[in-house]
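**Q** For the record, the sequence lines run as chains A and B.
Using the numbering used here, you'd call the opening residue of the first sequence number 45 and step up by one each time.
Using the numbering used here, you'd call the opening residue of the second sequence number 1281 and step up by one each time.
Derived from the structure by calculation, the hints contain no laboratory data.
Be aware that one or more of the hints could be misleading.
For the chain B half of the interface with chain A, some residues (derived, Cβ under 7 Å), not all of them [unchecked claim]:
{"#": "1", "residue": "LEU1309"}
{"#": "2", "residue": "MET1328"}
{"#": "3", "residue": "ILE1329"}
{"#": "4", "residue": "LEU1335"}
{"#": "5", "residue": "LEU1348"}
{"#": "6", "residue": "MET1371"}
{"#": "7", "residue": "ASP1373"}
{"#": "8", "residue": "GLU1374"}
{"#": "9", "residue": "GLY1378"}
{"#": "10", "residue": "LEU1409"}
{"#": "11", "residue": "PRO1413"}
Each residue gets a CB set at the ideal place from its N, CA and C atoms; glycine is no exception.
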Amino acid sequence: MITAEQKPMKELVECVRPFQRILLAGCNECVTVCAAGGRKEVGILASALKLQFQAEGKPIEITEITLERQCDPEYVEELVAQIDKVDAVLSMACGCGVQEVARRYTDKPVFPAVNTKFMGASERQGVWAERCQGCGDCVLGLTGGVCPVARCSKQILNGPCGGSTNGKCEVSSDTDCAWQLIWDRLKALGKLDQYEENIPAKDWRSGRGGGPRKIVREDLAS
Amino acid sequence: MENFEPVIVAYCCHYCAYTAADMAGSKRLSYPPNVKIIRVPCSGKVDMIHILKALEKGADGVYVAGCLEGDCHFNTGNVRASKRVAYIKKMLDEIGIGGERVEMFSMSAGMGERFAQTASEFTEKIRKLGPNPARAAA
Ligand code: SF4
């Protein structure tokens, strides 16, 4: 999933301050799962903002809505019913959702309520960790299902480096050494011969190195 | 301000604090009528939104009362509740309402005295703090 974290309250309060009527829009997908911008968080943030402005003596109106997905125009269209009744939109979706809302409702200020962080997985309740950087040319098949691009601090394709100690990365003792994980996994698979093979330099043009990316499926595109 | 009578909402776990309130009653212990008790099946049932809504609707203070550590009927509901309370406190500090208006307490079903004492002390603390700024300005 795409993970996100709510922005600090102070920042959110300041971005809402110039407006009287706010549409607070959550998203039912990734940000719901990582507890950053789903229906529940929409309720909590709406309540906190109302408290703040009530205390200042200038209460604001907040309309709460949580869309099925904010990254698809079909769902963003649902805001049509509310959009004219508000002065601005505060979106709790990831950056993709915020941009879809901004693209559809061109004359309405739209603000992000969360900081979008990374593509990750849930390690345990309340903990999410980075797993993929969308490099566009996946090497997981060579590395035992552990990504050296997203999980090695140096993104090295033939590791580990000298900073690997007791399975941890020199960058932080909280971070597993991806190459230790790769070694362990290949060993468990009986594929250590694969480890011996050098992975050639990666062509980063399939990733962000090639500028903004797009997928076009001719069979589906209208 | 002199006549300020704080409104306190207390989310009380059915298995401990709620029964402790009952015990306080049986023992004829008095505690301030400011405290409005809401019975919950476990303190872990109390979500952040419940605490915020109470404040938004005019409570001056809110507390959650759950079982003693290790005694939760559902194992860890009380631990979860206290983590949520800690989170809300931080958020309330950030928005200028003040985290000290929200608290977590623990007690067992037999602690009628502790229930009454907690209710009195918390009410006095909120009385000193004054009205919830969100209510005062509204
Ligand atoms: S190799 Fe690339 S696509 Fe595969 S998991 Fe790593 S970053 Fe993602």
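**Q** Which earlier hints can't be squared with this structure?
**A** 1, 5, 7, 9, 10
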